[in-house]
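Protein chains: 2
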Amino acid sequence: MRKRETIRRTTAKEVAAAAGLSKWTVIRAFTPGSSITEESKRRVMEAAAALNYSPNLLARSLATNSTRQVAVFVDDFRNPQKLPFLETLTDRLQAAGLVAMLININNHFDHVHALLHADQRQVDAVILFGTAFRDETLTDRQLGNGMPPMFVLARDSQIDGVPAVVCDAELALRDIVNHLHERGYRRPGFMSGATALSTALRRRQHFTDFWAEKGVSEIELLSAEKYSAEAGAESVRNYLSQMAPADRIDVLMCENDILALGAIDEIRGRHGLRVPEDIAIVGFDNYELGGSSAYSLTTYEQPRHEMVEAIIGMIVGTIEAETVTLPGKLIIRGST
Amino acid sequence: MRKRETIRRTTAKEVAAAAGLSKWTVIRAFTPGSSITEESKRRVMEAAAALNYSPNLLARSLATNSTRQVAVFVDDFRNPQKLPFLETLTDRLQAAGLVAMLININNHFDHVHALLHADQRQVDAVILFGTAFRDETLTDRQLGNGMPPMFVLARDSQIDGVPAVVCDAELALRDIVNHLHERGYRRPGFMSGATALSTALRRRQHFTDFWAEKGVSEIELLSAEKYSAEAGAESVRNYLSQMAPADRIDVLMCENDILALGAIDEIRGRHGLRVPEDIAIVGFDNYELGGSSAYSLTTYEQPRHEMVEAIIGMIVGTIEAETVTLPGKLIIRGST
DNA sequence: CACCTGCTTGCACCCGGTAGCAAGATATTT
DNA sequence: AAATATCTTGCTACCGGGTGCAAGCAGGTG
Chain A
2 MRKRETIRRT TAKEVAAAAG LSKWTVIRAF TPGSSITEES KRRVMEAAAA LNYSPNLLAR
62 SLATNSTRQV AVFVDDFRNP QKLPFLETLT DRLQAAGLVA MLININNHFD HVHALLHADQ
122 RQVDAVILFG TAFRDETLTD RQLGNGMPPM FVLARDSQID GVPAVVCDAE LALRDIVNHL
182 HERGYRRPGF MSGATALSTA LRRRQHFTDF WAEKGVSEIE LLSAEKYSAE AGAESVRNYL
242 SQMAPADRID VLMCENDILA LGAIDEIRGR HGLRVPEDIA IVGFDNYELG GSSAYSLTTY
302 EQPRHEMVEA IIGMIVGTIE AETVTLPGKL IIRGST
Chain B
2 MRKRETIRRT TAKEVAAAAG LSKWTVIRAF TPGSSITEES KRRVMEAAAA LNYSPNLLAR
62 SLATNSTRQV AVFVDDFRNP QKLPFLETLT DRLQAAGLVA MLININNHFD HVHALLHADQ
122 RQVDAVILFG TAFRDETLTD RQLGNGMPPM FVLARDSQID GVPAVVCDAE LALRDIVNHL
182 HERGYRRPGF MSGATALSTA LRRRQHFTDF WAEKGVSEIE LLSAEKYSAE AGAESVRNYL
242 SQMAPADRID VLMCENDILA LGAIDEIRGR HGLRVPEDIA IVGFDNYELG GSSAYSLTTY
302 EQPRHEMVEA IIGMIVGTIE AETVTLPGKL IIRGST
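Protein chains in written order, with the numbering used here: chain A, 2 to 337; chain B, 2 to 337.
Simulated from the structure, these hints should not be mistaken for laboratory data.
Mixed in with the good hints, there may be bad ones.
As the list claims (entries may be wrong) - If you anchor each label on the Cβ, the simulated ranges turn out as follows:
(1) G273(B) to G162(A): 40 to 46 Å
(2) P246(A) to T324(B): 35 to 41 Å
(3) L172(A) to H306(B): 38 to 44 Å
(4) G34(A) to A64(B): 27 to 33 Å
(5) R249(A) to T324(B): 54 to 60 Å
(6) R203(A) to H109(B): 50 to 56 Å
(7) E40(A) to L222(B): 45 to 51 Å
A virtual CB, placed ideally from N, CA and C, is assigned to each residue, including glycine.
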């Protein structure tokens with residue numbers, strides 16, 4: 002680890018010697034609310050400043066059985082929406098005196114590995130950010146037995162007893178379908194990115210249900226497999242090549258903005274069609290670039306700050322609910 | 002911390018009792034290469050499995066003075082390029098048995114705070130990812146005195162003795178300028194996102210120098226203050242509104258793809274100009290969306306994987322160099 | 001001036017591991 | 001079979017703090 006082994010950090014004991022007090026008094030000076038005279042505190046602080054001392058959080062964590070570290074599991078880095086979420090999440094965690102351990106869940110490092118690792122590091126909580134265990138994985142009794150509490154962010158929890166914070170999908174899809182219906186669209190399509198995911202299924206289900214309420218029962222289903230612009234484009238390409246112009250959908254809702262942007266590119270570029278005149282497009286997430294004049298994408302914004310505050314509330318224990326569902330905001334732009 | 006205080010994890014001592022051995026033997030069973038009989042190891046492993054034991058990495062870190070945690074400082078979450086970099090970085094760190102602590106540097110939590118915090122958590126290294134201390138901050142003697150080793154990723158180091166891994170800016174700008182010159186452009190402009198940053202200045206300087214070699218000494222300088230599509234668009238808007246069409250630049254190099262995408266939107270949308278016919282555009286980073294047919298942005302790709310491998314090599318000590326400069330790749334598309 | 005109260009301070013022991021030594025057990029040599 | 005070499009195992013001490021108790025000390029009271 003390059004040099005680190007040779008590094009000598011000052012300890013409370015050394016500060017104590019310098020200040021002519023015991024190490025416990027030094028620790029008290031650094032523990033708010035503990036009983037210590039002003040005079041001793043001053044002497045400790047002077048010595049500490051001279052020696053550049055600060056308490057070893059590792060040792061403290063070991064003794065107090067609380068690390069104030071939170072593992073954040075992420076398994077999909079393709080969605081740029083993750084970045085502002087990570088920004089808000091790290092910011093609010095830090096404000097709450099916590100720190101994020103970012104764990105990349107992938108083929109080499111799966112959920113079970115990651116959870117075991119996080120547990121070994123004694124994290125205070127695990128945030129499953131946009132990811133969830135598959136049901137099968139759960140048969141492992143790795144869970145429960147003293148594992149750190151888990152929380153799901155921005156996706157439905159699939160595990161009993163694991164709370165989740167989500168954007169209200171029912172409200173979102175109702176708003177979207179109402180808007181599309183008002184605009185006069187009647188032949189809707191839905192593009193999912195990964196049909197196995199519960200969030201995906203939920204959005205699609207609500208989309209279908211609300212259209213049914215409007216008397217539209219036929220929903221064209223496209224599937225992109227991955228959440229990337231190319232995948233979105235490819236999915237549209239397949240659809241358009243199979244479908245006679247007269248039978249085409251007049252509006253396509255994409256499960257997220259990235260798919261939507263890829264879809265728009267494909268519709269305009271390779272097929273020379275217009276958005277929204279030939280096919281209208283709706284996304285989900287309000288990714289910055291969708292708002293640019295090139296795309297002007299109608300989308301739905303998740304209440305990022307509120308969601309992050311809620312999950313932190315769950316972690317620190319001020320919120321008890323099992324599931325927090327927060328309303329987002331429909332952003333109407335030129336693509337519909 | 003919700004429940005965590007009541008959680009009881011099994012310790013080596015308890016496993017020892019169950020297996021009828023001492024705690025040291027239990028620990029040996031979990032320490033590769035230590036001297037222990039097959040029989041004892043089997044008994045320990047059985048007891049450990051039954052009790053669901055795994056070693057406490059916190060305690061180990063305290064005893065070995067090595068946490069295998071690396072703090073990653075990020076201060077700009079606007080650039081989507083950060084996300085694939087974070088993906089690669091976390092993946093490779095995990096493969097090396099390290100884990101990333103993601104720290105958000107912002108107004109509430111500045112570099113000095115963050116460094117102090119990282120140090121208190123005994124991280125093995127700090128990666129300044131796309132961020133660097135300003136020179137003034139360094140007058141603090143907070144550095145050096147046993148602080149964890151720091152490494153700068155994707156930006157020039159501004160601190161003596163702090164190694165950096167960067168994409169070769171000289172090579173990149175030479176390739177870009179050669180390409181633009183070949184294509185026949187002769188009136189170049191350069192848009193920076195934050196002129197205070199050394200990386201920005203460096204790219205601009207090379208751009209200017211290589212054009213000078215081609216006999217073009219006048220470079221129009223635009224400034225966007227921030228790295229966002231809007232900022233890029235605004236900067237172009239200001240420029241176009243001030244400049245008579247005849248005097249305009251014929252190619253604009255933007256410091257990164259996000260600025261470039263904003264610039265393209267603005268040029269096409271509000272001004273009805275064509276890219277590349279009226280103004281050609283070059284970006285930097287090869288952000289996925291720039292490759293879409295809507296933008297088809299000529300750009301330069303940083304060698305992400307090599308850069309990440311290099312910085313990890315520095316951290317684990319297999320690479321000694323002070324600065325590693327790696328060649329990237331010019332991606333020529335329709336915008337030039 | 002003795003006595004009680006309450007704050008400070010030092011102490012033994014603990015958190016859950018690691019390091020290195022020495023005794024005990026086993027294997028090898030002569 | 002005795003002596004020696006090698007491997008196992010348990011132990012003490014330690015990493016750098018935190019906890020609860022008891023002694024020390026101050027101030028206030030009768």
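Item to check | Numbers of unmet hints, in rising order | outcome: 1, 2, 6, 7
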